[in-house]
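Q: Construct the complete structure from the given sequences, taking the supplied hints into account.
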Amino acid sequence: MILTGKEIKKRLDKDIVIDPYSDNRLNPNSYNLRLHNELVRYTETPLDMKKSNPSENLIIPESGILLQPGVLYLGRTLEYTETHNLVPMLEGRSSIGRLGMYVHVTAGFGDVGFKGFWTLEISVIQPLVIYPNVEICQIFYHTVEGEITEYKSGKYQGNKGIQTSMLYKDFENGKY
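The sequence shown begins at 1 in full-length UniProt numbering and counts up one residue at a time.
Among the hints, erroneous ones may be present.
Pairs of lysine to aspartate or glutamate residues, derived as DMTMM-like cross-links and limited to a Cα-Cα distance of at most 25 Å, are as follows [to be verified]:
| hint | residue 1 | residue 2 |
| --- | --- | --- |
| 1 | 155 | 111 |
| 2 | 51 | 38 |
| 3 | 152 | 121 |
Just the calculated beta-carbon pair ranges, DEER-fashion [to be verified]:
| hint | residue 1 | residue 2 | range |
| --- | --- | --- | --- |
| 4 | 12 | 158 | 18 to 28 Å |
| 5 | 169 | 106 | 15 to 25 Å |
| 6 | 9 | 50 | 37 to 47 Å |
| 7 | 174 | 107 | 21 to 31 Å |
| 8 | 9 | 48 | 43 to 53 Å |
| 9 | 45 | 10 | 14 to 24 Å |
| 10 | 134 | 41 | 16 to 26 Å |
Hints listed in this document are in silico derivations from the structure and should not be mistaken for laboratory results. Model, not experiment: these values are computed from the prediction. Backbone N, C-alpha and C define an ideal beta-carbon position, used for all residues, glycine too.
A: Structure (C-alpha cells):
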C-alpha cells in the first residue's frame, strides 16, 4: 500500500522526517522534494567500477545551468529525509519528465531506515536549462509487511551531500 498525503503528514516526526517541510509540497499520495544548488560531474571516462572516479563540483546559479545529453550529473535533494517502518520511493515529477529529464537511473528505491539527502542521477535527452530549488522529484511511501531490519550501510547512510558511486568499496572489501 502507498500512503496518502494525509497519512504522510500524520506520520511526520514519527515514521517520516522531511526537513524542511511545507504543506505546499504535499500531494495526494506523495511529497515534492527540491533540487539543491550543487551538482557533481565525473571528469574522466571511461568510469571504472573498481575505482573512486574523479569528479568536479558545479554550482547551479539562480540564472540556471545548461545540462547536456550524454552526461551524468549527480545532484541532491534540498530536503533531508528519514524513514522508519516504511519503504521510501523516489520518482521524477511528470513536469520534469516532459522536458526530457531523468531524475534517477536506477536508485529510486529506498530502504527502511534510510537517513540523509537523496542523491539524484540526473540526465537529459536534449539540452535543458535547470534551476536550483525547483521541485524536481516526489517521495512516496510503501507500508512494509514482516519483521523490519533498518538500513545501516556505511556507504550512503547519513550522507551530508552528493555522493559519487562507492561500489569500489565492495571490491576493496572482497565482496566481488
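Q: Take the hints in turn and mark each one as holding or not.
A: Hint by hint, here is what the structure shows:
1. A threshold of 25 Å between alpha carbons decides the hint, and for residue 155 with residue 111 the separation of about 13 Å falls inside it, so the pair holds.
2. Annotation: proposed proximity of residue 51 to residue 38 holds, straight-line Cα distance about 23 Å (limit 25 Å).
3. A threshold of 25 Å between alpha carbons decides the hint, and for residue 152 with residue 121 the separation of about 22 Å falls inside it, so the pair holds.
4. A hinted range of 18 to 28 Å for the beta carbons of residue 12 and residue 158 is consistent with their spacing of about 20 Å.
5. The given range of 15 to 25 Å is respected by residue 169 and residue 106, whose C-beta atoms sit roughly 18 Å from each other.
6. Remark: the range hint 37 to 47 Å for residue 9 to residue 50 is upheld by a beta-carbon distance near 44 Å.
7. Taking the beta carbon of each, residue 174 and residue 107 are about 24 Å apart, inside 21 to 31 Å as hinted.
8. Range check, residue 9 to residue 48: Cβ separation about 44 Å, and the 43 to 53 Å hint holds.
9. A beta carbon spacing of about 47 Å between residue 45 and residue 10 contradicts the range 14 to 24 Å that was offered as a hint.
10. The beta-carbon spacing between residue 134 and residue 41, approximately 19 Å, falls within the hinted interval of 16 to 26 Å.
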